[in-house]
Each structure stands twice: as structure tokens, then as C-alpha cells.
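*Asks:* One-letter residues, chain by chain:
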Amino acid sequence: MARIARIAVVVAMLGLVLTLALAFRRDPHDIRTGTVGKPAPAFSLARLDGSGQLSLAQYAGKTVVVNFFASWCLPCEQENPALVRVYERYRGSDVVLIGIDYQESADGGLAYVRRMGISWPTVADDDGRVALGYGVFGPPETFFIGPDGVIAGRHIGPIDEPTLVRAIEAIRTAATQ
Amino acid sequence: MSAGDLGAGALRAALFLALWGTGAAVYAAWRRDARALSSARVSAAVAFALVVVAALSMMFALATHDFSILYVAENNARETPLLYSLAGLWAALEGSILLWTAILAGATAFVAIRGTAVLPRLGTTALAVLFAMLSFFLLLVTTPAADPFVRLALAPDNGNGPNPLLQNHPLMALHPPLLYLGYVLAAVPFAYAIASLILGEGGDRWLVATRHFALVSWALLGVGIVAGAWWSYAVLGWGGYWAWDPVENAAIMPWLTATAYLHSVMVEEKRRLLRTWNISLVVATFALTILGTFLTRSGVVNSVHSFTQSAIGPLLLGYLTAILVLSVGLLLWRSPQLRDAGPVGAPLSREAIFLFQNVVFMAATLTVLLGTLYPLVAEAISGAQLSIGGPYFDRVEIPLALALLFLMGIGPQLPWHGASRATLERQFTAPAVAAAVGAVAALLTGTTAVAAVLTYALAAFVVATVVQEFARGARARRALHGETGMTAFANLFRRNGRRYGGYVVHLGIVLVALAVATSQARTVDAERTLAPGETLAVAGYEVRLEGVRSVVEPQRDSVVADLVISGNGASDRLHPALVAYPNSPAAVGAPGIGAGLRDDLYTILAAYDQRSLSWATIRIRVIPLVSWLWLGGLVIGLGAVIAALPAPRRRPARMPVIEAPAPAD
Numbered sequence: 001m002a003r004i005a006r007i008a009v010v011v012a013m014l015g016l017v018l019t020l021a022l023a024f025r026r027d028p029h030d031i032r033t034g035t036v037g038k039p040a041p042a043f044s045l046a047r048l049d050g051s052g053q054l055s056l057a058q059y060a061g062k063t064v065v066v067n068f069f070a071s072w073c074l075p076c077e078q079e080n081p082a083l084v085r086v087y088e089r090y091r092g093s094d095v096v097l098i099g100i101d102y103q104e105s106a107d108g109g110l111a112y113v114r115r116m117g118i119s120w121p122t123v124a125d126d127d128g129r130v131a132l133g134y135g136v137f138g139p140p141e142t143f144f145i146g147p148d149g150v151i152a153g154r155h156i157g158p159i160d161e162p163t164l165v166r167a168i169e170a171i172r173t174a175a176t177q
Numbered sequence: 001m002s003a004g005d006l007g008a009g010a011l012r013a014a015l016f017l018a019l020w021g022t023g024a025a026v027y028a029a030w031r032r033d034a035r036a037l038s039s040a041r042v043s044a045a046v047a048f049a050l051v052v053v054a055a056l057s058m059m060f061a062l063a064t065h066d067f068s069i070l071y072v073a074e075n076n077a078r079e080t081p082l083l084y085s086l087a088g089l090w091a092a093l094e095g096s097i098l099l100w101t102a103i104l105a106g107a108t109a110f111v112a113i114r115g116t117a118v119l120p121r122l123g124t125t126a127l128a129v130l131f132a133m134l135s136f137f138l139l140l141v142t143t144p145a146a147d148p149f150v151r152l153a154l155a156p157d158n159g160n161g162p163n164p165l166l167q168n169h170p171l172m173a174l175h176p177p178l179l180y181l182g183y184v185l186a187a188v189p190f191a192y193a194i195a196s197l198i199l200g201e202g203g204d205r206w207l208v209a210t211r212h213f214a215l216v217s218w219a220l221l222g223v224g225i226v227a228g229a230w231w232s233y234a235v236l237g238w239g240g241y242w243a244w245d246p247v248e249n250a251a252i253m254p255w256l257t258a259t260a261y262l263h264s265v266m267v268e269e270k271r272r273l274l275r276t277w278n279i280s281l282v283v284a285t286f287a288l289t290i291l292g293t294f295l296t297r298s299g300v301v302n303s304v305h306s307f308t309q310s311a312i313g314p315l316l317l318g319y320l321t322a323i324l325v326l327s328v329g330l331l332l333w334r335s336p337q338l339r340d341a342g343p344v345g346a347p348l349s350r351e352a353i354f355l356f357q358n359v360v361f362m363a364a365t366l367t368v369l370l371g372t373l374y375p376l377v378a379e380a381i382s383g384a385q386l387s388i389g390g391p392y393f394d395r396v397e398i399p400l401a402l403a404l405l406f407l408m409g410i411g412p413q414l415p416w417h418g419a420s421r422a423t424l425e426r427q428f429t430a431p432a433v434a435a436a437v438g439a440v441a442a443l444l445t446g447t448t449a450v451a452a453v454l455t456y457a458l459a460a461f462v463v464a465t466v467v468q469e470f471a472r473g474a475r476a477r478r479a480l481h482g483e484t485g486m487t488a489f490a491n492l493f494r495r496n497g498r499r500y501g502g503y504v505v506h507l508g509i510v511l512v513a514l515a516v517a518t519s520q521a522r523t524v525d526a527e528r529t530l531a532p533g534e535t536l537a538v539a540g541y542e543v544r545l546e547g548v549r550s551v552v553e554p555q556r557d558s559v560v561a562d563l564v565i566s567g568n569g570a571s572d573r574l575h576p577a578l579v580a581y582p583n584s585p586a587a588v589g590a591p592g593i594g595a596g597l598r599d600d601l602y603t604i605l606a607a608y609d610q611r612s613l614s615w616a617t618i619r620i621r622v623i624p625l626v627s628w629l630w631l632g633g634l635v636i637g638l639g640a641v642i643a644a645l646p647a648p649r650r651r652p653a654r655m656p657v658i659e660a661p662a663p664a665d
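These protein sequence lines are chains A and B, in that order.
For the first sequence, this note's numbering gives the first residue as 1, with consecutive numbering after it.
For the second sequence, this note's numbering gives the first residue as 1, with consecutive numbering after it.
The hints are all genuine.
Now the stretches of chain B that chain A is said to cover, found in silico as 3 or more residues with beta-carbon under 8 angstroms:
id, stretch
1, 317-328
2, 366-376
One side of the interface only, derived from the structure: several residues of chain B facing chain A at Cβ under 7 angstroms:
id, residue
3, W238
4, L332
5, E527
6, A606
7, A607
8, T617
It is worth saying that the hints were derived from the structure and are not from the lab.
Remember, it's a predicted structure, so these values are computed and weren't measured experimentally.
Just so it is clear, CB atoms sit at the ideal spot from N, CA and C, and this is done for glycine as well.
Only chain A is shown next, with the shape it has when bound in the complex:
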């Protein structure tokens, strides 16, 4: 019994150290994901401004950038200017930006959207189910979905303009080839 306890203690300790050591391999911003390379989970969610539902299916054949955010998320505020610029840049093209308000009431999300000057479509994922489907780690998180409906890339944490543009252009190049 005591022997087993000793072995258990040593194994648990090794496990802890090993886990922590392996954690260095990850870059908290750019992580491989179980969902990249797979079809984007379909969703249909209520728009924050109350103007009805929005479903991913509406944008089939386009390049879709899905950004998970929340008003309580400070890094989201940080990345917002980059999103605004990229949205303006691709406005009216075949690139669509959708904001998904993560685990929050529509009121909170709407106030944030107004305050931050967000004019792209935003929807509420108040119980976090869609986020679960995408394997969201925590907001902010951005997914890039190709015209074929497959998730081509993912960025965890606040994103910047060059990263956004690079990911979008990569999808567009791949689609035209």
C-alpha cells in the first residue's frame, strides 16, 4: 500500500513537470486545432441588433472571417481597431466578417458593438454552444473559413492587421488556383 502511494506520488510529480514542460511547445496565439481542415460547424444565431437570424449557410461560397468576442474581454478591445481596418478594406468584396458575441447577454454585446464602432454583422452565442463547436479556447479568437466551407485557419488571442490580411489572402489565392 505504502509502496503504491510512493509510486503514485512520483508518477504524479513527473506528470506535472512533463505537462508544464510540454506546454512550452505551444504558442498561446497560434495553436493547431482539432477543427482546422474540417468543415466549419453550421450555425444560425440571433443578430445582436434584433434584426433577425444570421446563418453561416447564407455566406456559402465566400471567404468568411468569424471573430469570437465579448464585451468583458479586454484583448478584444485591443484587437478591434485591426478588425475595423480590415473590414473597411474588404467591404463589398467576397470576404465577409462575422462577430460572434461569446457567452454574454445580447444587451451587453450590443452596447459593446456600439461603443467600439463595429458595423459588420454580429450575433449572440449566449450559451457558448457555437463556440464549443468551433473549439474556442477563449475570446478573442478568429477563424478563417474558405469558400468551400472548410476552416482554413485559426488565431487565438488578439489579432493584428497583417495576420488578418495574410490569412484572408492565403484563402483567396488557394480558391483561385
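Keeping the supplied structure of chain A fixed, place chain B upon it in accordance with the hints.
*Replies:* Showing chain B alone in chain A's frame:
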């Protein structure tokens, strides 16, 4: 010589002394050499002085905006007010490690001067352990891993300024140092426990020698956590105080194991039981403080608190591994000598309840640890990412917290060794009635959530046990010593501070439990866009928007909404604002809080008319009893102070009198 040169030089000299002191202390403990010991003592004192000089030079550089130092240029600006300049010492990685090192150097000097005098061999061995740890931290601050005094070839005209969130509230000056003190002082019991294992002492001397350190470290950690919750509440502008963020978890885990230790240590003192267990708890507490530092400073987890990645991660992991290997190895090696004086025995005895309480504390610690590390484990094994959010922690920790509340009422009421039926009836009749009254009162006031009703019932139960204890203690003193009511009451604290201070801590915990349960179950939210003169009614309050104005200060620009509050007997003006700092792309919310004992009116300026300031969207939360949380923290701190105060020495009796027995303990 500039402040930067002075600080950097002082740290290098201190590193040399710490390495020297390690060797001297090892030699002194091994050969019982008095000259080596006195050399180690002098090294400790001088090293402490040098690290203090380094910390003060950094504060001086921050206060005088010396941007030739990279750390100052990154975390300070000419416009930064003095308080936040000084608090800049712990606003980023390098400075906080410097503060950490300074506290550790202080603890090392204390043990060198006092500890080695009281218990020479044990104290000297513990000193060697502390010196070794101090050397590690001094190594961090003198190498690129965390060198706070890195110079810039060309000093910029102005610095970047501190993180906006860190210059928005005075609590920032209080919360991190408290936590760091709590973290670092946990190193002293650890060093003594390790020393005791190295020397193969089977006894409890290490435990008696470090009792105060354990208590003070625990209290500072607890008060620091509450101060952090308060800061989060007053600054982050979401109306909450706890989010199970990895850094919060990192702080609560050692506090949980330290709380378990403070109780199980009594079992060892009274009954010579749980020896291996107590050493394990001290080791776990200290290892968890380092794990917490690693998690938050290495960049492996995502958190509001994490600083940028640096080379410090692998070094901290190496340090943590060394500590784990050393302590677990020593424990396994020495455990045959750590024999208990017998089995725990009767299930309805105080020691059994303490043991059970320890098991629950362990469960709480391990589940928090699991939730914090699970994303890392899952990714290491399957490559999949997931997040563990508040719901997991709430579901697991709330039942455990309720169980602890229950045990907190039962434990102190049971005698050591076991209780008779008559004792049980005498001790629990009144508290059980109180619990029933608490539950009924909760239901009558419209509380329906099961956890909340249970919390009220258990809170009433615990309060009744504490009142009963005080009443009986005071009555006994009146009967035995003929003291008057107030004197008897005061003497309970003076003569048996550890016990009655502990009860005061229990009352503080009850306040915290009530605050959490009520604020979680009964918060009312409202939000509306108002033009000046319009009002919004919520939970009996009337909130009128008087106007929106912009305020320009040297270090920031703000837009402020002026609100007039009436109703519920309140008459107040609140000023929620959105604050823009030059170094931040987005405005930071500064809530306006009308605090009260019954509830807090928490107002947030969510949006405003940017063109003509003609409207504002105001979000309001009426949060009941949340101020009891801070009050609870204060009461916990007060109880800890009472428990830590030394009992007065008994006056030597002039004539032979028969000493009246002290109340049963």
C-alpha cells in the same frame, strides 16, 4: 552614479553574498561551526540591505522618470502620478521579481538573525535552504531572464506609461505586495520543514518555530486575494470580483493548502499525528506558489494577468522541478522516521473533523489545479484545445465550499479524542436551531437557489457556534477570575488569541460566504440610453443622468457621466467614466460605485454620443451584500492579527496561590 548603476551593482553584490551565505550556512550546519554561522548571518543582513537598495533605486528611477532604464521607459511616463510611479515596481515582470527577491532576502535575514539563535542547527540548515532560493532569484534579476536594470543606449523623451488597468485605482498599490508577501513568506515554513527532513528530526520543532510565519503568510495571502477581488471589482468594470482566471487560481490554491495546514498542525501539536501529512502540506503550499508564478510569468496559459513571454519560464520550471524532486525525495527517504503517535480514532472527534476538512481542502485544491492545467494536459495528449470556464469551477467548488462551511461549524465544537452524546446535545442544539432559522429566513426573503439557502443556513450555524464559544468562554472567566463581562471577553483574546482569533477568522469567512452567495444569486441588471435629465429606475433606485462631460488630464482623457442617485434612502452622485490612455488603443471603463452595506449600485458608462455628448448608455448592476466581501477580508485579517499576537507572560506569583485552570482548549 545613476540609480540604474547603483541598483544593478547592489544586486550583483547581493548575489555574491547569497552564494557565499549558502556555502557558509551549509558548512555551519554540518560542522556546527560558529564562525561560519556568523559569516552567514552577516551575509544575510548585508544581502538584504543591498536588495532593498536595488528596489529603492528602481522606485527612485520610476519616480524621477529615468527613461534610460528600459523597465522605466516601458512602464512609466512623465505624466504618471507619483503613487503609480512607485507602484510601477510591481507593474511588470522584472520589477515584480525584484520585489519578490527583496521580500525573500528579508525573510532570509530574519531567519539568519533570529531563527539561528533560537534553534541553532535546525535554523542554520533552514537558512542554507533559504540562501539557496535567494541565490536563484538573484540570479534571475542579474541575468537577461528578469534583469530590471537593462539600460537603453538612447533614452526616449517619454516612456510608454503603465498598463492602463494598473494606473486606475489605488488598490493596485496594495494588492500585489500583499500577495507577494504571502507567497514569499511561505518559503520559511518550507525551509524549516526541509531542514527538519535533512537533519532527520522526527519531532515537531520545525513546526513550532514557523507557526507565526505560516499564519502571517496565510493571512497576507488571504487578505491579498480579497484585495485583488476588490481591485477587479473596482477597476475592470464588469461588476464581478472573481472569474477563475489562472492567476486567481494560482493565488487561491496555496491559500487552500495553507488553510488546511493551519488546522492539521493543531492535530500534530495536540496528538502527535499527521506528521508526514503536515510536511507535505507545507511543501505543497510552497510548490503551489512557485507553480502559480510559473503559470503567470511563463506565458503558457492565457490570462488577463500574464505578462509577455520571456526566458524566465524554463528557469522557473527548473526551479519548481528542483523543489519537487528535493522535497518528495526527502519525504520518501525520511517518512519511516515520521511516525505518528497512534491512529486518529473516533470519527466524532476534533482531530477526525480536521482530517476530513483537510481532505475537502485537498479536493478543492486538486480540482482547481485540474481545471487550470487541463487545457495544457489535453493539448499535450491529444493536441485538441479546450477551455475550462467558470461553470466547471462553480459546479465543483461550490459544494466543496459548503462542505467546508459545515465542517467549520462542527470542528471547533467537538472535543479532542471523541464526544459523548451529552456533549453533542450541549454543543449543537442552539446552532442547529440557528441553522433552521437561517434557512427559513432565506426562503422567506425569496431566495430559492439551493446553494444560497444552504449558505444562509450554514452561516447561521457557524455564527451560533462562535457566539456560543465566546459566551461560554467569557462566563467561565467570570466565574473563575471574577472578571466583568467586557474584561472577560477581552481576556479571551489576550490569553488564548490563537483559538479566539481563529473564531474571528471563521466569522470573516461567514461574511465572505454570505457576500458571495447573495451577490451571485440576487444581482439585478439594467441598461438604458439616457439623455440628460432622464432617469432609469432599478431595484428601488432612481438614476438620473445629469450630463456627459469630457475631462482632460495630463496622463489621460476621460468622458464622464454625472449621475444623481435617489431612492432606497440613498442620495448620492456617481461618475462612471470611459478613460483613454495614450498607450492604449481602446478606452478603459471606470465604474462609478455607490457602496453600501445592503447593496452596491454599480454604474458603467457603456457608450456615449461622441459628437455632442447628448446621450449616454448607462449599465447598472445592483449587487447586494458585495461590500461584506471586503469586510470579511478585513475581519479575517483582524482574526489573524489576534491569533498571531503573543500571549502575555504570566506574572510570577508572589505568594502561593492555586492557579485557576484556563478554559478547556
